[in-house]
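Trainee: Sequence lines, in order, name chains A and B.
With the working numbering applied, the first sequence corresponds to residues 152 to 367, in that order.
With the working numbering applied, the second sequence corresponds to residues 178 to 790, in that order.
Quick caveat, the hints were computed from the structure, so don't treat them as lab data.
Being a predicted model, the structure only gives us computed values, none of them experimental.
It is possible that part of the hints are untrue.
FRET-style restraints, in silico, Cβ to Cβ [stated by the list, open to error]:
#1 A:Lys261 x B:Trp197: 40 to 46 Å
#2 B:Leu212 x A:Lys261: 23 to 29 Å
#3 A:Glu344 x B:Ile198: 41 to 47 Å
Sample of chain A residues with no beta-carbon within 12 Å of chain B, all distances over it, derived [unchecked claim]:
#4 Ile196
#5 Gln224
#6 Ala244
#7 Ser246
#8 Thr248
#9 Ala276
#10 Gln282
#11 Leu284
#12 Leu300
#13 Thr362
Which chain A residues stay away from chain B? Per the calculated CB distances, all over 10 Å, these [claimed, not checked]:
#14 Thr186
#15 Ser209
#16 Leu210
#17 Leu227
#18 His229
#19 Leu230
#20 Ile241
#21 Ser258
#22 Asn292
#23 Met325
#24 Ser336
#25 Gln337
#26 Val359
#27 Phe361
Here a beta-carbon is modelled for each residue, glycine too, at the ideal position from N, C-alpha and C.
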Amino acid sequence: MSAVGKLEKAGDRVGSHMEQVVSEAQVQPEHAETTTGLDHRKLLIWVFIASETIFFASLMATYLVFRGKTPPQDGLAHLDLNVASINTFILLASSLTMVLALQSIESGKKGRLIGLLILTALLGALFLGGQALEYNELITNGVSIDTNLFGATFFTLTGFHGAHVAIGILWIIMLIIRALRGGISQHNHLAVELGGLYWHFVDLVWVVLFTIIYLI
Amino acid sequence: MATNVLTLPRTSEPTGIWSWITTVDHKRLGLLYLLTAVAFFLIGGIEALIIRTQLALPNGTVVDPSLYNQLFTMHGTTMIFLAVMPLNTGFGNYLVPLMIGARDMAFPRLNAFGYWLYLFAGILLYASFIFGNAPDAGWFGYAPLTERAYSPGHGIDFWVLSLQLLGISSLVGSLNFVVTILNMRAPGMTINRLPLFVWGVLVTSLLIIFAIPSITVALILLLFDRYFGTSFYLASAQGDPMLWQHLFWFFGHPEVYIMIMPAFGIISEVLATYSRKPIFGYAAMAFAFAGISFVSFTVWAHHMFATGLSPVADAVFAATSFLVAVPTGIKIFNWLGTIWKGSIRVTTAFLFAAGFIGQFTIGGLGGVMLATVPVDWQITDTYFVVGHFHYVLFAGAVLALFAGTYHWFPKMTGRYLDERLGQIHFWLTMVGMIMLFFFMHYLGVIGMPRRIYTYAPGQGWDIWNMIETIGAFIVAAGVLVFVVNVFISLRQPKTATDDPWDGQTLEWATSSPPPVYNFAAMIPVNSPRPFWDAKYGPHSEFAENPKTIDLSGGSTAHVHLPNPSIWPLLLSLALTIFAVGIIFGPQTGWILAPIGVVLMFGSFLGWLAQPAG
Numbered sequence: 152m153s154a155v156g157k158l159e160k161a162g163d164r165v166g167s168h169m170e171q172v173v174s175e176a177q178v179q180p181e182h183a184e185t186t187t188g189l190d191h192r193k194l195l196i197w198v199f200i201a202s203e204t205i206f207f208a209s210l211m212a213t214y215l216v217f218r219g220k221t222p223p224q225d226g227l228a229h230l231d232l233n234v235a236s237i238n239t240f241i242l243l244a245s246s247l248t249m250v251l252a253l254q255s256i257e258s259g260k261k262g263r264l265i266g267l268l269i270l271t272a273l274l275g276a277l278f279l280g281g282q283a284l285e286y287n288e289l290i291t292n293g294v295s296i297d298t299n300l301f302g303a304t305f306f307t308l309t310g311f312h313g314a315h316v317a318i319g320i321l322w323i324i325m326l327i328i329r330a331l332r333g334g335i336s337q338h339n340h341l342a343v344e345l346g347g348l349y350w351h352f353v354d355l356v357w358v359v360l361f362t363i364i365y366l367i
Numbered sequence: 178m179a180t181n182v183l184t185l186p187r188t189s190e191p192t193g194i195w196s197w198i199t200t201v202d203h204k205r206l207g208l209l210y211l212l213t214a215v216a217f218f219l220i221g222g223i224e225a226l227i228i229r230t231q232l233a234l235p236n237g238t239v240v241d242p243s244l245y246n247q248l249f250t251m252h253g254t255t256m257i258f259l260a261v262m263p264l265n266t267g268f269g270n271y272l273v274p275l276m277i278g279a280r281d282m283a284f285p286r287l288n289a290f291g292y293w294l295y296l297f298a299g300i301l302l303y304a305s306f307i308f309g310n311a312p313d314a315g316w317f318g319y320a321p322l323t324e325r326a327y328s329p330g331h332g333i334d335f336w337v338l339s340l341q342l343l344g345i346s347s348l349v350g351s352l353n354f355v356v357t358i359l360n361m362r363a364p365g366m367t368i369n370r371l372p373l374f375v376w377g378v379l380v381t382s383l384l385i386i387f388a389i390p391s392i393t394v395a396l397i398l399l400l401f402d403r404y405f406g407t408s409f410y411l412a413s414a415q416g417d418p419m420l421w422q423h424l425f426w427f428f429g430h431p432e433v434y435i436m437i438m439p440a441f442g443i444i445s446e447v448l449a450t451y452s453r454k455p456i457f458g459y460a461a462m463a464f465a466f467a468g469i470s471f472v473s474f475t476v477w478a479h480h481m482f483a484t485g486l487s488p489v490a491d492a493v494f495a496a497t498s499f500l501v502a503v504p505t506g507i508k509i510f511n512w513l514g515t516i517w518k519g520s521i522r523v524t525t526a527f528l529f530a531a532g533f534i535g536q537f538t539i540g541g542l543g544g545v546m547l548a549t550v551p552v553d554w555q556i557t558d559t560y561f562v563v564g565h566f567h568y569v570l571f572a573g574a575v576l577a578l579f580a581g582t583y584h585w586f587p588k589m590t591g592r593y594l595d596e597r598l599g600q601i602h603f604w605l606t607m608v609g610m611i612m613l614f615f616f617m618h619y620l621g622v623i624g625m626p627r628r629i630y631t632y633a634p635g636q637g638w639d640i641w642n643m644i645e646t647i648g649a650f651i652v653a654a655g656v657l658v659f660v661v662n663v664f665i666s667l668r669q670p671k672t673a674t675d676d677p678w679d680g681q682t683l684e685w686a687t688s689s690p691p692p693v694y695n696f697a698a699m700i701p702v703n704s705p706r707p708f709w710d711a712k713y714g715p716h717s718e719f720a721e722n723p724k725t726i727d728l729s730g731g732s733t734a735h736v737h738l739p740n741p742s743i744w745p746l747l748l749s750l751a752l753t754i755f756a757v758g759i760i761f762g763p764q765t766g767w768i769l770a771p772i773g774v775v776l777m778f779g780s781f782l783g784w785l786a787q788p789a790g
């Protein structure tokens, strides 16, 4: 606490509460306590998700503005509610497996973590497969992105969501690799939490998309 | 991420070009931002001079109409996205960690990535000139003019992709600011003790985070229209050009506050320092920041009064627009209260800040006029609008940025800017600026439309246009004096003290320029002006004999700095290659874009594999 001496020398008019030098402020080591108590990366992900919300909100607004401008037989009628419902179920199930994965590592079960992460990635891939079925159905019926406004808005909206799912799957694969190489442990599993936050957000977006495209 | 590589703590600053290319130091990145942005400011200024030369006399023939369109589009896009925004980011980068008593930003490599992406995006935008076809649809690029059918060249494509890259750059920069400001404050630095400049950067970053996605989507839809045959904005195929306007202005209106709010912060710091008083009404100032940013998301359609919205919509958006005047008025009165009975030193920085208050108020009043629907119908798309937004952006943001430059130059370089040249710079700027922009309001009212490349004589416009052009060259002379001042100053020995202006905030509680680790010891923080408290005692007035604060205490033994990294530059380069791949997709068989994606993934993995330090 050498700094205390220096500061005392510097001022006697300074109030007594100012004499204590906050010596910890001198150092901000890699795993420093943060002001809010949240890890930097976790705060980053939360704020990033807030931004993504506006991104999808703008795309959804575009979809809704043009909703009904294309006759159903030129687009909407070729969608299959059953496929989409099963797909929704699959994606929601992947959120459950992600939660269980995080819970596993929190109680130190690494093998279970890896198994559940693989399951989550597979469910994500299955969802993309279901999306491919829907796309195929539309395209064989002559509806593609440049056919009409339905095609344009549907493929843009679900395409960007699908890209987010694909990035999420890559993210989970990287988590699996890291876990296999010993980079994730009971006391160092923030990476799983971060991946999970993103994954749940992407799932939540689909719930809204499913509602505005298939249900209303 | 891997922690198995042990590196020794690095406390000394490396030198050489490579150290700048791989730097992750917030101060160096701040300087890079500032230098690059000044370069683009000069380029944008030259474009403005050509525009004014063309308009000096009726039937001007300096440039042809096509080049004129490119010039005003590039001037607007450059000044907004490549000059004013990055100047704010540069000051923020340099000052925010110092002001909150932090070692660096929360994510140093992300910070470097933001800078390099900004640089490459700027170069990409200007590369369009090489292909003889710069963007020419105005800075707000209204559809359907920007559609392939009406803008067949690559100019708009360069514009779209460059703005997308700049959006990513601003977004990561803002995420970094928010995390840094919320998470890395020195002990005692609560939210209600943040310097007002930091407040300005915080709310601006939040605005960017919520506004940028809207233009990202707008540009993606435009890109799809231009490349994949969709018709989002084509009324001929049931699309709707109004969709562009809504998406664009949902971003575009917050954008003007994104440019002005860090400037508000600079003005607050400068006025308080040179009045040797605490800022008047600190809490009201902070709440006004929050108020402006909230209201700014509810006013976008006041840019669209002339498009035939419903009368109810017009009324609502006019009302919310008037509301902006309340928090802004609070700020102006608090600045006056700050100067009132202060022990004022009339430095160049103070002059620019004082000039800002008067001139910015004029700009704000012009905004209130434009928010009045019937008035707007009369003067929309005239020079009144041009006068208004130059009064808030030049007389607002740019004057504040000059004030900030004179104020913090000694801290950044260890050298003073010459005060005599500074005063010449100030008076040339003020006189030139008023001649240049004030009469635009009048020209607009008597009917001169904006964006016309020339005009016929005898409409009563000639004399005002000539005065404006002369004003433009006087402003340019002022900028020239400023540039000369900087060059002269940089050749002088380092004579600036650590605390040249009797400062109040933490950035003055370290050496000029600060060491690479910013602070060896931290003084206690018990108010918004901790350094002042340390010198004069808490809650003290200005006194003749401040206490000398010994800053040599503390040790650097614990200092652990992040490693330099080349990956941020490589990742942003890969993104730029991807963007070029899209622009020339049809010509190159879409080969370049996937290559860009592979390079992006590669640099991303390299980034992850490198220990952060």
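Trainee: Can the suggested window of 40 to 46 Å be confirmed for the beta-carbon pair A:Lys261 and B:Trp197?
Mentor: holds (43 Å)
Trainee: If we take the beta carbon of A:Ser209, is the closest beta carbon in chain B still more than 10 Å away?
Mentor: Non-interface label on A:Ser209 violated, nearest chain B Cβ at 4 Å vs cutoff 10 Å.
Trainee: Over 12 Å from every CB of chain B: does A:Gln224 meet that, or does the non-interface label fail?
Mentor: A:Gln224 clear of chain B: closest Cβ-Cβ about 16 Å, beyond 12 Å.
Trainee: Check the non-interface label on A:Ile196: least C-beta distance to chain B beyond 12 Å or not.
Mentor: violated (9 Å)
Trainee: If I take the minimum Cβ distance from A:Leu210 to any residue of chain B, is it greater than 10 Å?
Mentor: violated (6 Å)
Trainee: Is it correct that the beta-carbon of A:Ile241 has no partner in chain B closer than or equal to 10 Å?
Mentor: holds (26 Å)
Trainee: Is it the case that A:Gln337 keeps its Cβ farther than 10 Å from each residue Cβ in chain B?
Mentor: A:Gln337 clear of chain B: closest Cβ-Cβ about 17 Å, beyond 10 Å.
Trainee: Is it the case that A:Thr186 keeps its Cβ farther than 10 Å from each residue Cβ in chain B?
Mentor: Since the minimum Cβ distance to chain B is about 5 Å, A:Thr186 lies within 10 Å and the statement is violated.
Trainee: A:Leu227 clear of chain B by more than 10 Å, beta carbon to beta carbon?
Mentor: holds (15 Å)
Trainee: Over 10 Å from every CB of chain B: does A:Val359 meet that, or does the non-interface label fail?
Mentor: Since the minimum Cβ distance to chain B is about 15 Å, A:Val359 lies beyond 10 Å and the statement holds.
Trainee: If I take the minimum Cβ distance from A:Ser258 to any residue of chain B, is it greater than 10 Å?
Mentor: Answer for A:Ser258: holds, closest chain B Cβ roughly 24 Å.
Trainee: For A:Leu284, is the shortest CB-to-CB distance to chain B above 12 Å, so the non-interface label stands?
Mentor: It holds; A:Leu284 is separated from chain B by about 22 Å at its closest Cβ, greater than 12 Å.
Checked against the numbered hints given earlier, the structure breaks hints 2, 3, 4, 12, 14, 15, 16 and 23 and satisfies all the rest.
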